[in-house]
Every structure is written in C-alpha cells, then in structure tokens.
Amino acid sequence: MTSERQTLPEEHYLKAGWDLKSWLLTTDHKRIGLLYLVSITFMFAIGSLYAGIVRFNLLVPDGSQMSAEAYNKAFTGHGVVMVFFFLIPSIPATLGNFLIPLMIGAKDLAFPRINLLSWYIYVVGAALTMWALVTGGLDTGWTFYTPYSTALSESNVELAAIGIFIAGFSSILTGLNFIVTIHKMRAPGLSWFRLPLFVWAHYATSIIQVLGTPVIAITILLVALERIFHFGFFDPNRGGDPILFQHLFWFYSHPAVYIMILPSMGVISEIVTCFSRKRIFGYSFIAMSSLAIAALGFLVWAHHLFVSGMSVYSAMVFSALSFLVAVPSAIKTFNWTATLYRGSVKWDTPMIYVFCFIGLFLIGGLTGLFLASLGVDVHLTDTYFVVAHFHYIMVGGAIMGYLGGLHFWWPKITGRKYVEAWGKVSSLLVFVGFNLTFFPQFVLGYLGMPRRYHAYPEEFQILNVLSTAGATILGFGYLFPFSYLTHSVFRGEPAGDNPWGAKGLEWTTQSPPTTHNFDLIPVVTEEPYDYASPPKEAARV
Amino acid sequence: MSELAAHGGAEHHPALQHHFTSLEQQRAASSLGMWVFIAQEVLFFGGLFATYTVYRTQYPDAFSAGSHHLSWKIGFFNTLVLIGSSLTMAMGVYSAATGKKNRVVGFILATILLGSVFLGVKYFEYGDKIRPCFGDGSHAGCLVPGERFDASALHLAGPAAGHAQIFFSLYFGMTGLHALHMIIGIPILLLIAYWSWRGRYSPEYHTPVELVGLYWHFVDIVWIFLFPLLYLIGSH
Amino acid sequence: MSEQLAPESQPTHPRGHVVSWKVYLAVFLALCALTVITVQVAGHDFGPFNLVVALGVAITKATLVVLYFMHARYSERLTHLVIASSLAFFVILVFLLLADYLSRPWPLVAAG
Amino acid sequence: MSPAFPLAPARASSVAGEVDALFLFILGVTGLVALGIWIALFYFAIRYRRRSEDDRPAEIHGSLVLELTWTIVPLLLMIAMFVWGAKLFFHLHRPPDDAMSVSVVGKRWMWKLQHPTGQREIGELHVPVGRAVKLVITSEDTIHSFFVPAFRIKKDAVPGRYNMAWFRATKTGSYHLFCAEYCGTEHSRMIGRVVVMEPEEYQVWLAGGPAPESPVLAGEKLFSELNCITCHRPDDAARGPVLHGSFGRSVSLASGERVVADAAYVRESILSPAAKLAAGYQPVMPTYQGQVSEEQLISLIAYIESLRVPSEAAPAPGRAPARARAGGAESR
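Residue numbers (this note's numbering), protein chains in the order written: chain A, 1 to 541; chain B, 1001 to 1236; chain C, 2001 to 2112; chain D, 3001 to 3332.
Derived from the structure by calculation, the hints contain no laboratory data.
All figures in this text were calculated on a predicted structure; none of them were measured in a lab.
One or more of the hints may lead you astray.
[Unchecked claim] Calculated pairs, PhoX-like style, for lysine-lysine (alpha carbon to alpha carbon, straight line, at most 25 angstroms):
1) D:3087 - D:3221
2) C:2022 - B:1101
3) B:1129 - B:1073
4) D:3087 - D:3112
5) B:1129 - C:2022
6) A:424 - A:346
Please model the complete structure; the sequences and the hints are all you need to start from.
Okay, structure coming up:
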C-alpha cells in the first residue's frame, strides 16, 4: 500500500452539484446508494428505539413499566421497521447500488430512473408506515396473523399494510435492476465465473426479491381488503382458513430472511479474501450455494407452522427440506474459514467484523437445526429460542456484514479513511453487547418463555435483566460507527484509490469515483481474487 | 427520451442512453427488464390463484353455486374482446417494427377501444352485483361479501353461505385486480400512441411499443385463466 | 474515442425477429376457436377431470399468446429461463400448499 | 430442589425426556461443529497473521474432497436429527386409546377446559398422574396456542377447527400453562396452571367440585331438544343415518368417498349437513349454524360418541315421533 500522502481527486461524483435538485433528481447509482444509506440509517435508529422500549419493559416481570397496549405496539414497531425498512434494503440498496456497476465495469445500472423511483417508493412506503405507527400504532406483530389483524385489532392495520405493500415494490424494482444489469452490462472478458462473489450474492438475492415479494404484497393487500371491504378470505366464521394466511405470509417471509443474509455473505467473501490476501477457497462452491439458497429458500416456509395444525405428513416434508437448506450455508462458512489457511491475515476492522460474522452466524445457522427438527420444534416454536435464533442471524450475521462492508468500502465511497482504532473498539463493543443480549434468550426459550409477552413469570427475570443490560451496550456500541464514520467524511485522511490493496474493478477507479465510473470500459483478463499478481490501475484518459 | 449522449460516433441514435454501449444492448436490457417484471406479476396474481385453488378444493359446492350465478355469456364476450385487443396490440408492434407510423397509432387506439369495451362490460357486470347492496331495505341480490351478502339468491344457507362469500371475495379480488391492471395500461397505451404519432419510433428503435405489448398480452393471459376458473365451473 | 469491444454479454441476433402479420391472424383465430372450445368443454361433466380439462385449454391459449404475440419463440434463451422460473415458483407455491390441505384429513396410521 | 439456574423446565411428561434427549443430541453435534470452526478460525487468524507487507500467501483454489466431506457429513447428521424429530412428532400426534379426553376452548385471554365428567375449569387443569390426557383444542375468536413447557407440548387453538394434542403426566406438581400465539392486549395474562395429582387426590377433587352434568347427559338432552331424535333413531322410522356405534368408524358418503366419522366430521355435519352427506340419504337436515355454541357442540359430539349398538338396549326414549319439522332451506 502506498505510504506517501494521498490527495483527493478534483472531479468525482460527490462534486457533481450540492443543491437539492442534484440529490433528489439524481439517476447516478452512487448517489442513490447514499440516499438509501441516509434513509435506512434513520429507520434503523427508529427500530432500535422501539427495541430499547421493549427491553426496558422486560426489566420487570409484572409488566409495570408500561401498559400491555404500549408494549404490543412497541414490539410490533420494532419488527415492522427493522424487517421491512432496514434489513430488507440494507446491503442491496446501499452497497449493492453503489458497487455492482463498479464491480462489473458498467457506467450505471440498467435502469437508472427506475432506481430513483425505487428510492421514492421506499420513502413513500416508510412515511405511510411511520404515520400509521405514530398516530395510533400497530399491535398485530410484524407477522399480521389473521383473524387478529383482520377482525379483532383496533390499531392502524390498513394504513400500515398499505405502507408495507408500497415499500415491497421498492425491493422488487431494486432486484429487477440488478438482474438485468448483471446479465446485460458486464464488461468484456467478465464471464460469470470471474464475477466477484458480492455480485453472485446480489444476483441470488434479486431472484428472491423479484419472485418472493409479490406474494406478500398480495397477502397484505388481502388483509387490507378484508378489513376495509369485509371480504372473507381469512375469516373463520365464513369458512376462511387463518392457516392459509400463514402459508402465504411465510412463502415470502422465509425467503426474505435469505434476502437479508445473502448480501452479507457476499460482503464477507470480498473482505475475507482481501484481508488474508489470498484467493477464495472453493469459488464455484460459494457461488453455487448462493443460488442453492435462493432456490431451496422457497421450499421450506412451513417450518413456521408445525404446531398450527397443518397436516403431519406435509410437516415432515417441510422439515426435511428445512434441513436441506442449511447445507449451502454450512458450505459457505467452511469455505470462508478455509480461506484463512496459509493466508496473510490482517486484523483491520472489516476483518474483525468478518470474525464476528462467521462466529455468530454459525450459532444462528446451527440453532436453526433445532427448529427444523419436528420433535424439538413443538417445544421451542413461539418461544424466546426463536427470537434468539433469528437475531443471531440478522444482527449477528446481516448487520455484522453490513458494518464490515461499510467500513471496507468507506474509502471508495467517501475517498477518506476512518480512524482504525475507533473501528476496533466499536466492533468489540458490538460483539460483547450482542452476545450478552441474545445468548440468555436461548436459555429463556428452552425454559419456555413465550414470545411477545408483556409480563412473564418471576423465574425468568434474571435472564431478562441480563438481556436488557446487553441491549444497552449494543445500542451504545452502534452509536460509535455512526459518529466516527460521519466524522471521517469531513476530517478523514484521503485514502487514495486502493488503500487495502484489494482486487476487483471497483478498486481500479479513483476514490471517490467519477460520475460515469470508467473513462474506458475495462477489459477483464484475470481470475477473481488473484492476489498473487499486483493490483492493476484502470486505464485513464 | 434522453438528452443526446456525450459520445461522438456516427451511428449514435438519439434514444441511446449514455450507460449503454449499443442500441441492441439497450433493447435487450429493456426487454429482459420487462420479462422480469412480468415474472413478478405472475407471482403477484399467483398468490390469488393459490388462494382460489385451496378454497375450491375445500368448498366445491359453494364455488360451483357462485360460479353458476355468474353469466358465462358476458365472460365469453369479454374474452373475445380481450383476445381481439391482443391481436391489435400485436399488429401495432408489427407496424412499429416495419416503420408504418400511422398504422401503429391506429392499432394502439383500437387496442384502447377494445380495452375500454372490456372495462365497460365489467362495470355493468359489477353494477348489478353491487347496486342492491346500497340503500336500506332488503338487499336481495347483493353479492358483495359482508353483512348484506344475500346468499338466498344462490339457494345456500348456513356455512355454505359463508363459503359463497369467499367465492365472491375471490371473484371481486381477482377480476378487480385484473381490471386495475387494464386501467393502468390504457393511459400508457395513450402515451405510446402520442409518441409514435410524434414520429419518435422507427424500425431500429421501438422498444417502448414492444414493452407495452408484453404488458398487455400478460394482462390478456391472466383473463384467459380467470374466465374458465370463475365463470365456467358451475355450468354442468 | 476508440470503438469499444462489443460487451460479451450482448446477444448477436438482429433487432427483434419481425413476424409476418399472417401469423398473428392465425393465432388470433386459434384463440377464438379455443375460447369456444372452453365453453363447450365446460358444458359436459368430466367428473374429477373438469379442472384439468379447463386448465388444459387455458394453458394452450396462454402458450400461444406467449410464443407468438409476445415473441417468446424468437427471443433469447434468457427470456425462456425467466418465464420458466416464474412458473416454477408459482407451481411450488400451489403444490406445497395443496400438499398440506389434501393430506390434512388422512388418519394417522398406527405405529409399527 | 431444581438447581438455582435451571437450564430446562421440569420433565413432567412421558415425552419430556425424549425431547430433551433429542435437544441434547443436536446441541452436541452443533456444539462440536461450532467449536471446531471457532478454533480453526482463530488458529488460522493468529498463526497466519500478516507479518510483513510482502509475504506471499499460498495459491490454493479449493479442494473437491474437502467440499464433499463437509457437505455429506452434515447431511448424514441432519438426516439423523430429521428422522428422530419426525418419529417424536408422529408419537406426539397419536394419543393412546385409553386417553381421557379434555376439551380446551381458547377465548380471548382465558383457557376454558372441560373434563370428560363435565367438570369445567377456567385457566386450571387438574389431571391424574400417569393417565394419558387427550386435548381437543379449539378457539372462539383468534388463534391461541396451548403450551405447557414442563410437558414439552404445544398446539395452536385455531378458530373453526379442532386440533389435537396429548400428554401423559409423570410427576405430580403444578406447571405453567402459557398461550404461545400472540392474541392481543392481554396475551401475556392468558396463562394458567396444570396441576398433576395422585389419582386418589384427583377423585377427591372431582367429587369435591359442583355436581357436574356430564357432557354425555347434556348432549342427550340437547339431542332431543333440537329434534335430532326425530330423524336419528335406531328404529325403521329413521330418516337420518343411524348414529349408534358409528362414531370413529368410516362412513361412505353420497359422493362415493369414505370418511372417518371423527369429531370434525360430526361437527361439520351438524353445521353444514349437505357438505359430507351420508350415502343413501336425502339432504333434508337443516343447518344448526348459529344455534349451537362450541360447548353445546362438544356435548353433542360426546353424546353421539357414547351411543353404542343397542344389542337389546332399551328402546329409544319413547317420545311420539313428532313429524320432522319442515326441513329448513332444502339444499339444491
């Protein structure tokens, strides 16, 4: 890595105008990525606030901190905001939008205006849902189970349902844009098996986004129709089957958890190779397991319904398929660990987030096996074991990957370096806070504490207090990156084109890149992650 | 369509956007984008068709009673109208590909006309199911699911009346969503007719006409499945 | 600026295959005929096969529209892949749903 | 005395031991795998840390052998977990024949339970130890879930259908009963206790309670009040199928199928008689939708279940067979 002082380039995409019009009407994928970065960070803050309220209430067993009504609205708000407005768009909309054209040597995504439209749809959906949550709240849980959501809840179900329905199309349009871009706009010489694994992961994610999201869109629409016009889709008094709603809801919502984790897996593949300066172990196996996850992810949804009274025989089929879908994730984890073997591992912040990801995603993935096995699931489903399981995957996996990616490509996005020491401190704090929050919940789950309980028996209090303590450390830990990364935008030391000495087309351009990315479309000749040969400079006019 | 791209080069076409290297790449990308959008629509309607399939296996009698109540003649006529509009749409795309500008406008206006006929027939069909539901007094013949649903019109009592409400929820849901897709399609068709009247399209570049054609044919396919599933199960 | 290499991912065939209008007319007439068949077929009772027959005719009509009106027959393999994958996921949804609903009433066979 | 920091609820039912064993088996396997990867991760990260900027890492592309091993080995382990889990699941869905049937009705924020002897309880269930108890679970409004952690059983109470679960308590004591499916404001208050008693204590408790009217008796009274008796009677004037001894056996339907006449079939036939019409009978029976509550339905089903083939049973309660009231809307 060059050691002499770097200087910021004169011309780059951030300099292409600073007025409102240049930001709100931009069709530059990099600027839209930043627009998304700001909006989902805001939504993450709101979701964390709700989480804080939930954990605060669970400090005492008798639920005397707040009314049951307020608690139900708090955990629903936490679920809705975090799932639909932070985790689904998190990496694809920010890092994906920013990096995919750069990584495949294109000037922009295939449909720049649809990309801007997808951000506006996200904002409208978020505004509507926030309006519903603020002016009365939603108390159905993010799962909207009927007949409670359609017949018995007096909260803003219709408004929130329409908000989420709209936000779904933002995810569909992002997926559509990525699929067409990756197929049609790769640089010459960039065959499928030379693509970075980040692009593979986003290709698999986009397939799920495009083919899964419409089913929840129609399901949420049916809930709204049933409340507004008294249609009878899920009304048990008229023969409607509430379990059918669960089928249609989870047909999307399980693949949705793969929308949340696959992009993080792509980020991990990029960072682990760069910081062990070594070729990825088993490139084609990782690429293919991304696609396998996308395909198998659609076959397993009914493991959420094992105790709902579905047929015993089809429960057996779904249990077997749920075990099958764990195999590709296991393959990836083994391959990342093997990449470190005989490498040259540098312990920078992105790499620490990779260690956190592999360590914690492992627990998240393996605890899924308990829930896939029918006998144990009867006892564990709808308890805090499930809450701990999916938080280990979403917070321990997806958010660690998101933060790692943010730190890894921060020099490319802003052209400046963040302070390395702060990075290490905050990742350690996040790791400790996270484990203290969610590991006790595994034990709570096996002890039988059900989910979504405003008050609980006394014997669970100690573990809940531990969990709340962990939550405060985690919340505090997340404030760190927010502050020193923002600080680095203004005061950070210029980073130069390739501060980590990484491979990949995005590192051959200047940092931050020009508005049209490449003066000359690069021709790709080397294999991906070929760290043996020196990093290449892009031909500049 | 977009400002003249910065590049020089003789064969550069005004409609080529800056981030594509050739018109052919832009056309292929747009066409793939439309097909992926249609794949998403298949799943969007798919959720409804899956609900229909499940409830039809659960309540065959109520479904055939409900379907028997729908007049298949209207459905039959509407199907022919929609297939006709598919033909005129395809001829429109054909004329755009062969550069006959006036024919394109003519065929697209014909498509809009046939689409409006379809929606008009739909309006009246809905009318005689919804009108009795308003006003006080007996809601005989009201088929909108809810308290005022009149199941005696279908000679059904007890839980079967509830199952008939599910049939009509599906009927209004599926045909309503289909009609909504046509209501969105018609203004876009008008826009395309206006632009082709302004001479924007040529044999080299008529992608928007193709894309609207794909969308319109998809809407026709949805109706091709709706007609037998909703109108024809009760008639034997 | 030198002419760029045509990106490898760009299809090589000419600008969209132009189908003669006679094909469209033939397909249109076939569709009308099939619609008439749909109504007649619904007339008499095939017992459990009513749904299969009705769907069979509808699927033939839909295939005709996709192949000729939507030019799927002349477009690249990628388009076929997109169509196939969307139908595949719809079939997954319906089949695994019915797997639950149709096997619910089966009584549990005694152990061993 | 359970340890200060219990890691699992008390094992108080026949399946609890096996569920814990399966849980420990999976915990052992996943624990080993996790430990192995953590150790490898940190050993590699420390052993191969970057010492100088220009050390040359090895050129390794991958190895098919390794990939196959860590695909096939996990698959085999998972098959074991799957098979054991499925076997346990099937066992949980097959109640022994001698099980006493308790009806559970979830209603927003309380559990209403009814013993076979008619004893009604709210939020509490007293059962004798060692006796298999079959739970017939339904709900009156939204979805609830009957969850007893100490017995390791859970089953949703879904409005509009009967779900079944069973347990055999093995240890006396009082155990938590939770509602595990979110059902609104007081979801966390919809809890209760399952009290497992010695059989003698259970009899005393039963006797001590208010003289219950057994569901069979209540069912019989309803059977005549609602004029079922006019059509369903063992003699030749019957215009409806003979119910004596038909519960639990398979019935041939007008549509040609055969269906097991279980609780769900009886309930559906009471509410929509034409749905699964018995072969050889006219669909003249009126629907009782809206006239009978969930509890009354359970009593009727209990009475029909108790009807045995009258080898030389006393003649049916001899009331002059009033002309069957004009059937309600004759279905098409």
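Here's how the hints hold up against the structure:
This hinted pair does not check out: residue 3087 (chain D) and residue 3221 (chain D) have alpha carbons roughly 42 angstroms apart, beyond 25 angstroms. Between the alpha carbons of residue 2022 (chain C) and residue 1101 (chain B) the distance comes to roughly 19 angstroms, so the proposed pair stays at or under 25 angstroms and holds. A C-alpha spacing of about 16 angstroms is found between residue 1129 (chain B) and residue 1073 (chain B), which places the hinted pair at or below 25 angstroms, so the restraint holds. Between residue 3087 (chain D) and residue 3112 (chain D), the direct Cα distance comes to roughly 31 angstroms. Violation of the 25 angstroms bound is thereby established for this hinted pair.
Proposed proximity of residue 1129 (chain B) and residue 2022 (chain C) is contradicted: the alpha carbons are some 41 angstroms apart, above 25 angstroms. For the hint linking residue 424 (chain A) to residue 346 (chain A), the alpha-carbon distance of about 13 angstroms falls within 25 angstroms, and the restraint holds.
Violated hints for the displayed structure, listed by number in ascending order: 1, 4 and 5.
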